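**Student:** Letter by letter, the chains look like this.
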Amino acid sequence: MLVHSRPARRAVHTLFFLLFVPVFALPLLVIVAASFASSWSGALPSGTTLAHYRDIAQGDALNALLTSVLTALTASVAALTAGTWAALAAEKLGRRTRRLLDALFLLPVAVPSVVVGLSLLVAFSRPPFLLNGTPQIVITAHTVLVTAFAYQSVTAALARLDPAYEQSAAGLGARPAYVLWRVKLPLLLPSLTAAAGLCFALSMGELSATMMLYPPDWTPLPVQIFAATDRGSLFAGAALAVALMATTLLVLLGVSRIRTKASYR
Amino acid sequence: MTAPAAAAPARAVAPSAKAPASGIRFDHVSVAYGKRGEHTVLDSFDLTVEPGEVMALLGPSGSGKTTALRAVAGFVRPASGRVLIGGRDVTGLPPYKRGIGMVVQQYALFPHMKVAENVAFGLKAQKTPRAEIPGRVAEALEMTGMAAYAGRHPRELSGGQQQRVAIARALAIRPGVLLLDEPLSALDAQLRSGMLAELARLHRELPEVSILYVTHDQIEALTLADRIAVLDKARLRDCGTPQQLYRRPRTEFTASFVGTANLLPVTVRRGGGGNGNGDGAGDGVDFAGRRLTVPVGDGVAEGATATLCVRPHLIGLGQSPQVDGNTLRGRITEVQWRGSTHRLYVAVDGHRVLADVRELRETPALGDEVTLHFAPEDAVLIPAGLAESPTGLAESPAVLAESPAGLAADGAPDA
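From first to last, the protein sequence lines stand for chains A and B. Its first residue numbered 1, the first sequence is counted upward by one per residue in UniProt numbering. Its first residue numbered 1, the second sequence is counted upward by one per residue in UniProt numbering.
What the hints contain is simulated information worked out from the structure, not anything from laboratory work. Quick caveat: nothing in here was measured; it's all calculated off a predicted structure. Beta carbons are placed, not taken as given, at the ideal position from N, Cα and C, and that holds for glycine.
Here are the computed lysine-lysine pairs in the DSS-like style, where the Cα-Cα straight-line distance is at most 25 angstroms:
no.	chain 1	residue 1	chain 2	residue 2
1	A	92	B	35
2	B	114	B	124
3	A	184	B	127
4	A	184	B	114
5	B	114	B	127
6	A	184	B	97
7	B	127	B	97
8	B	35	B	233
9	A	92	A	184
10	B	97	A	92
11	B	124	A	184
Just so you have them, the derived chain A footprint on chain B, three or more residues with Cβ under 8 angstroms:
no.	stretch
12	88 to 96
13	110 to 122
14	167 to 174
Can you build the whole structure from these sequences, using the hints too?
**Tutor:** Structure follows, in structure tokens:
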């Protein structure tokens with residue numbers, strides 16, 4: 001602790017809540033309140049109703065939620081696979097090649113995601129690479145966007161991994177694939193699950209690249225939220241947003257449970 | 001060593017090691033780092049570890065001893081030279097094809113596996129028949145006294161217990177060669193001496209396993225090794241049995257690194273005052289204007305400068321009881337009480353001489369004038385050319401002639 005005296009500590013805590021609550025928590029709470037509200041004339045929404053949830057349950061919101069979850073799951077798995085593979089391969093490269101690879105994987109983060117969406121649209125709208133108008137192009141865009149995070153967290157975890165484990169295993173007669181499967185990946189598991197959670201959450205909330213690419217039969221939930229608020233249906237948008245938040249949180253909770261089981265150190 | 005090594009390959013690769021026991025041989029192994037290999041960490045290293053022998057690689061940090069061990073394990077690739085295990089050239093083989101057991105300083109037990117799974121790891125990796133594995137694991141754990149801990153995770157064990165598990169894991173695959181990289185350095189002093197005894201017992205139970213033991217601790221090397229290879233600055237400086245290196249060191253470096261030594265600058269006097277017929281009688285050295293009687297080997301010329309090595313515990317206080325004993329007079333500059341002994345620092349004509357004597361009833365005072373004595377046979381003369389030679393052994397074939405069979409350049413076991 002940087003602060004020792006009790007009053008000072010209390011002051012710091014107060015300051016934290018004064019800053020944190022209005023900026024981080026309150027807007028989310030207002031969204032939750034709005035999703036249950038019947039009217040919103042004052043500063044805060046008022047009245048209680050489940051009508052909005054009933055409405056979205058009847059519409060194609062469930063479909064959109066499923067689309068979002070499927071997209072996020074596929075993109076996370078693909079990103080994790082590609083990111084881990086690349087990080088493992090980068091470990092064996094020379095310093096210069098490695099830096100180049102790092103930069104390459106950082107590119108989708110550095111470039112605005114609208115640009116990523118546009119570039120994919122341009123690149124894959126002609127045969128033989130005709131993905132335009134398919135769910136695959138949305139999933140590809142999400143994968144491209146989140147692989148950077150998977151690559152970076154696995155690279156960081158690999159740098160912390162004591163090479164003595166790998167060497168001991170090799171010394172005991174284990175082939176590289178066996179070492180990877182039985183020693184390295186299990187030891188990396190906590191970082192892998194953390195990366196998976198991050199990828200999933202990012203993909204669930206992705207809007208700008210998706211807007212450029214989504215076909216009518218593959219509408220992720222953020223697009224619906226945007227459409228609902230755009231046409232003025234604030235309550236419906238709020239209910240959809242709560243559904244998105246709840247689903248993402250549930251999946252993250254599940255992933256974090258895997259992590260606690262797998263952290264050995 | 002340099003010249004005859006050229007003829008070595010043909011003999012070494014010949015099936016000299018039909019037995020399951022396998023020795024290790026370094027054949028002119030050089031390891032270098034850096035873009036153009038400008039940092040040499042092991043320079044033209046030649047050494048043979050006989051099957052079943054315990055060889056300690058002893059040296060200060062940065063001497064290249066760990067690099068030598070890693071070259072056997074396959075974690076560093078020699079820039080030149082060859083590494084042979086059991087007569088087989090393994091220089092180009094990946095670690096997992098070398099059939100070695102290895103224990104590293106920090107044990108590196110796999111934290112996500114229980115003790116039994118750790119020990120079974122090598123067996124599973126090498127596709128040992130499933131039915132055999134539990135028996136082999138139990139056997140290895142029994143041997144290291146860890147059978148009761150099979151179901152625990154490594155994090156639940158103490159340092160000494162983890163060490164035993166690491167040894168059990170290495171032994172379970174029944175390697176011909178066991179590589180130990182400073183295995184005791186992470187343990188406290190008391191545990192260390194206990195583990196030394198354990199390792200000695202293990203080697204008695206597994207007499208066919210060759211052990212390469214890297215350490216910077218001379219006590220570990222003296223206790224455990226059949227032979228010790230002394231390394232310094234990327235080169236092999238000396239090699240011999242612990243007794244040879246301790247009692248008859250061939251270089252100043254060995255003398256001071258293996259045990260404590262008084263190294264006195266002397267001038268050789270051949271047959272001075274004696275009969276001069278070459279039988280060595282009357283040979284001696286001049287030290288600070290005083291004639292000392294010490295054995296002078298052949299090939300040391302009259303008037304040559306040399307270094308006289310006398311171990312502190314072989315120096316006594318007072319007049320010599322022997323007729324031909326040597327005496328030195330000096331002033332005490334420092335006294336250390338070490339329990340069972342007193343260490344006296346004595347200035348003899350400006351040279352510091354250490355003497356470890358049995359605990360004295362009365363501690364001598366600083367500045368006291370004292371007489372020290374040592375027997376001629378307890379002193380070893382180190383010729384200057386060898387002591388100061390930057391390349392050590394490699395340029396001194398005369399010294400190599402005395403070395404044990406294992407150091408012979410052909411490297412083939414005598415059998």
